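Novice: This is what each chain is made of:
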Amino acid sequence: MTEYFPPALIFFFGALALPFLGGKIKNAAILAVPVVAFWMITTFEPGAGWHYQLFGFDLTMLRVDKLSKAFGYVFTINAFAAFLFAMHLRSRLEPMSALVYIGASLGAVFAGDLITLYLFWEVMAVASTFLILARKRERSYQAAFRYIMVHLFGGLCLLAGILLQINATGSVAFDGFTVRSLPTYLILLGFLVNAAAPPFSAWLSDAYPEATVTGGIVLTAYTTKTAVYTLIRGFPGWEILMVVGCVMALYGIVYAILENDMRRILAYSIINQVGFMVTGVGIGTAMALNGAVAHAFCHIIYKALLWMSAGSVLYMTGKSKCTDLGGLYKTMPWTLIFGCVGALAISSFPAFSGYTSKPMIIEAGVHEGFYWVWLILEVASAGVFLHAGIKFPYFVFFAKDSGMRPGEPPKHMLAAMAFMSFLCIFLGVYPQPLYNILPYEMVAHFEPYTLGHTLNQLQLLMFSALAFFLLLPMLKRTETISIDTDWFYRKGGRLVYSVAAWSLNGINEWANRVLAKQFPAFLGRFFANGVANSQKLFLIPYYRTSGLSAEEEQERLRNLSTSFITGAFPIGVPVLKAVFFLGVLAVLFFI
Amino acid sequence: MKEKKVWDWLDYPQNIRKVRIVFYIVLGLLVVPDLFLHKHALFHSYETWPGFYALFGFVSCVLIIVVSKLLGFVLKRKEDYYD
Numbered sequence: 002m003t004e005y006f007p008p009a010l011i012f013f014f015g016a017l018a019l020p021f022l023g024g025k026i027k028n029a030a031i032l033a034v035p036v037v038a039f040w041m042i043t044t045f046e047p048g049a050g051w052h053y054q055l056f057g058f059d060l061t062m063l064r065v066d067k068l069s070k071a072f073g074y075v076f077t078i079n080a081f082a083a084f085l086f087a088m089h090l091r092s093r094l095e096p097m098s099a100l101v102y103i104g105a106s107l108g109a110v111f112a113g114d115l116i117t118l119y120l121f122w123e124v125m126a127v128a129s130t131f132l133i134l135a136r137k138r139e140r141s142y143q144a145a146f147r148y149i150m151v152h153l154f155g156g157l158c159l160l161a162g163i164l165l166q167i168n169a170t171g172s173v174a175f176d177g178f179t180v181r182s183l184p185t186y187l188i189l190l191g192f193l194v195n196a197a198a199p200p201f202s203a204w205l206s207d208a209y210p211e212a213t214v215t216g217g218i219v220l221t222a223y224t225t226k227t228a229v230y231t232l233i234r235g236f237p238g239w240e241i242l243m244v245v246g247c248v249m250a251l252y253g254i255v256y257a258i259l260e261n262d263m264r265r266i267l268a269y270s271i272i273n274q275v276g277f278m279v280t281g282v283g284i285g286t287a288m289a290l291n292g293a294v295a296h297a298f299c300h301i302i303y304k305a306l307l308w309m310s311a312g313s314v315l316y317m318t319g320k321s322k323c324t325d326l327g328g329l330y331k332t333m334p335w336t337l338i339f340g341c342v343g344a345l346a347i348s349s350f351p352a353f354s355g356y357t358s359k360p361m362i363i364e365a366g367v368h369e370g371f372y373w374v375w376l377i378l379e380v381a382s383a384g385v386f387l388h389a390g391i392k393f394p395y396f397v398f399f400a401k402d403s404g405m406r407p408g409e410p411p412k413h414m415l416a417a418m419a420f421m422s423f424l425c426i427f428l429g430v431y432p433q434p435l436y437n438i439l440p441y442e443m444v445a446h447f448e449p450y451t452l453g454h455t456l457n458q459l460q461l462l463m464f465s466a467l468a469f470f471l472l473l474p475m476l477k478r479t480e481t482i483s484i485d486t487d488w489f490y491r492k493g494g495r496l497v498y499s500v501a502a503w504s505l506n507g508i509n510e511w512a513n514r515v516l517a518k519q520f521p522a523f524l525g526r527f528f529a530n531g532v533a534n535s536q537k538l539f540l541i542p543y544y545r546t547s548g549l550s551a552e553e554e555q556e557r558l559r560n561l562s563t564s565f566i567t568g569a570f571p572i573g574v575p576v577l578k579a580v581f582f583l584g585v586l587a588v589l590f591f592i
Numbered sequence: 256m257k258e259k260k261v262w263d264w265l266d267y268p269q270n271i272r273k274v275r276i277v278f279y280i281v282l283g284l285l286v287v288p289d290l291f292l293h294k295h296a297l298f299h300s301y302e303t304w305p306g307f308y309a310l311f312g313f314v315s316c317v318l319i320i321v322v323s324k325l326l327g328f329v330l331k332r333k334e335d336y337y338d
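As given, the protein sequences belong to chains W and V, one line each in that order. Residues are numbered in the working numbering as their position in the first sequence, beginning at 1, plus a constant of 1. Residues are numbered in the working numbering as their position in the second sequence, beginning at 1, plus a constant of 255.
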């Protein structure tokens, strides 16, 4: 295995070399990195290599099997297309952070143990944040801050789980977990945060649409799909994931329908699509897991294509809200066509890539007799066509005429979209190469193109389209945002802040009034005539108990004060008192 | 310089009408084979009804849109809500 080279390191070296390259050489180098990495992955034989020692553990940088290879292929293919799309960039910050980010996700996919996985996991979180910061807007800075905070939280859950797991089992192995206990649940939570499972999903729809045009395309593929990979590796057949996945599939649709920003619609549809994959992991049979891998593979490609199409519109018009867009088919026909290929693929329209992968998950659920899973996934399939398949192209390219006549994006962007469109159609009509790289041996054969299947799917989709156009008045775009679970740390954070401000400032105010002003004033008054006042402190209770009337008490106190002020004071009594107290002290001292 | 011709085919109502008619014909044609095909039920016998998936898709989408619309009353906020 030592003759192989970890693909992650190629990307890291590429990022390091970038500042020293310029012009065309820089662009060629950026494109060469994923090509070289892809070629190297094709030569990998199953096994493990690149062992190293850290913190006293024997760790493995490179674990190759069919599962890691499948993700390695699609990660590098997508990287090539994304870099081709981003060829116009002059800044080096974005390509560099993208190289590190993609490299780290390849590192995570090929990681042979939990600690290596964790290290790459955190590099991914940090590097990806720069793709949001690169937009250089106040909104993006804030979104990036929230993004990294959520990922640090997820990373800490993962780290805590890993440490407890090592403590419990003494092993850093990362294979299917069987014991259901605190450590494995913490690891699962860490993975699910990155998979954007509600309620930890808002980071995705919050941050990705704030990224740059090209950064958004890179971001869509890696964080969530690395999480899907880790779930397939670590938690196959955990039933809870079926519930999580079904919730994600429906949740993404509802929010995508409500949303106005085109890239936010696509961000929510990532959550919806990852929901299908997570459900497949929860079903856990060979066909379901293969379906999850195949769907991740196809999804990365068509989702990047959709983001490229939306990115081209944003790049050419500077607008991303559906209310500002519309009628662009007139001057951006190629962008429209490529966007529609992506839209048909995500809707798993027959002859496009989603159709050869998603039904595999649904059929696996049917084989296991999960009626509810089948029902929800079919409803969600119809919903995908609604929000991503029709809503996105319709409101951006058709609907009302916005009056904008932007023209097509630069040629390299069109080339990248053409490349991805080709893959979507290729995998749709000839899925065999994809099926060959799927990791698990299936007992039952899966055949997408039966007459019954195809007809059912076409009916489902076309009548969804009918519902869309009949209910179009209900779908009218409004200039609104929808509150999601990020409310808790955006508004909730402010609530905590104002409650804290109110209570802590209140305490501060009270302390200032009482301790800094009233109490010293009182002490001052008391000690202005200190000896007399101290005497009174003892004498008043004495007078009260000995039955003096109020006038007599006042009389004596006045006399006392006068005696102190004039100094006319019988000396004997204080001396007697002093002797008495000294006597008491002496007794206390000697016993 | 000659102005570049813009593709504005959908600006004309008669064209939109054509699209709509083609769409309805396609919908009809998709259901016709169900009358002659023998389908296997996955869970319940009603899945073998002609046009079941058409109805399923339509009803699902109507439900999704209505539910989303209702949730929208609770969830939608002005764009400057967080500012």
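If you are wondering where the hints come from, they were derived from the structure by calculation, not from laboratory data. Predicted model only: the values in this text are computed from it and were never measured. Any given hint could turn out to be false.
When the alpha-carbon atoms are kept at most 20 Å apart in a straight line, the in silico DMTMM-like pairs for lysine to aspartate or glutamate are as follows [unchecked claim]:
hint : chain 1 : residue 1 : chain 2 : residue 2
1    : V       : Lys333    : W       : Asp402
2    : W       : Lys70     : W       : Glu139
3    : W       : Lys492    : V       : Asp263
4    : V       : Lys294    : W       : Asp402
5    : W       : Lys320    : W       : Glu480
6    : V       : Lys331    : W       : Asp402
7    : W       : Lys401    : W       : Asp325
8    : W       : Lys322    : W       : Glu379
9    : W       : Lys331    : V       : Asp338
10   : W       : Lys320    : V       : Asp335
11   : W       : Lys401    : V       : Asp266
12   : W       : Lys322    : W       : Glu448
13   : V       : Lys333    : W       : Glu139
14   : W       : Lys322    : V       : Asp335
15   : V       : Lys324    : W       : Glu480
16   : W       : Lys401    : V       : Asp263
17   : W       : Lys320    : V       : Asp289
18   : W       : Lys137    : V       : Asp338
19   : V       : Lys294    : W       : Glu480
20   : V       : Lys294    : W       : Glu139
21   : W       : Lys492    : V       : Asp335
22   : V       : Lys333    : W       : Glu448
23   : W       : Lys322    : V       : Glu334
24   : W       : Lys331    : V       : Glu334
25   : W       : Lys492    : V       : Asp266
26   : W       : Lys322    : V       : Asp338
27   : W       : Lys477    : V       : Asp338
28   : V       : Lys331    : W       : Glu409
29   : W       : Lys320    : W       : Asp402
Novice: Decide, hint by hint, whether the structure agrees.
Specialist: Verification of the hints:
1. V:Lys333 x W:Asp402: Status violated; Cα separation ~24 Å.
2. W:Lys70 x W:Glu139: 39 Å, violated
3. W:Lys492 x V:Asp263: 45 Å, violated
4. V:Lys294 x W:Asp402: With Cα atoms ~44 Å apart, lysine 294 (chain V) and aspartate 402 (chain W) exceed 20 Å; violated.
5. W:Lys320 x W:Glu480: It holds: about 13 Å lies between the C-alpha atoms, which stays within 20 Å.
6. V:Lys331 x W:Asp402: The hint is violated at about 25 Å.
7. W:Lys401 x W:Asp325: Holds: lysine 401 (chain W) and aspartate 325 (chain W) sit about 10 Å apart, inside 20 Å.
8. W:Lys322 x W:Glu379: Violated. Lysine 322 (chain W) to glutamate 379 (chain W) sits at ~29 Å, over the 20 Å cutoff.
9. W:Lys331 x V:Asp338: Not OK: lysine 331 (chain W) and aspartate 338 (chain V) at ~36 Å, beyond 20 Å, violated.
10. W:Lys320 x V:Asp335: 17 Å, holds
11. W:Lys401 x V:Asp266: Holds, at about 10 Å.
12. W:Lys322 x W:Glu448: Outside the cut-off at roughly 40 Å; violated.
13. V:Lys333 x W:Glu139: Since the Cα atoms of lysine 333 (chain V) and glutamate 139 (chain W) sit roughly 19 Å apart, the hinted pair holds (cutoff 20 Å).
14. W:Lys322 x V:Asp335: 14 Å, holds
15. V:Lys324 x W:Glu480: 15 Å, holds
16. W:Lys401 x V:Asp263: 12 Å, holds
17. W:Lys320 x V:Asp289: 45 Å, violated
18. W:Lys137 x V:Asp338: 17 Å, holds
19. V:Lys294 x W:Glu480: 46 Å, violated
20. V:Lys294 x W:Glu139: Since the Cα atoms of lysine 294 (chain V) and glutamate 139 (chain W) sit roughly 57 Å apart, the hinted pair is violated (cutoff 20 Å).
21. W:Lys492 x V:Asp335: 12 Å, holds
22. V:Lys333 x W:Glu448: 48 Å, violated
23. W:Lys322 x V:Glu334: 11 Å, holds
24. W:Lys331 x V:Glu334: 29 Å, violated
25. W:Lys492 x V:Asp266: 44 Å, violated
26. W:Lys322 x V:Asp338: Within the cut-off at roughly 18 Å; holds.
27. W:Lys477 x V:Asp338: The given pair, whose Cα atoms are some 25 Å apart, is violated under the 20 Å limit.
28. V:Lys331 x W:Glu409: With Cα atoms ~33 Å apart, lysine 331 (chain V) and glutamate 409 (chain W) exceed 20 Å; violated.
29. W:Lys320 x W:Asp402: 14 Å, holds
Hints 1, 2, 3, 4, 6, 8, 9, 12, 17, 19, 20, 22, 24, 25, 27, 28 from the list above are not met by this structure, while the remaining hints are.
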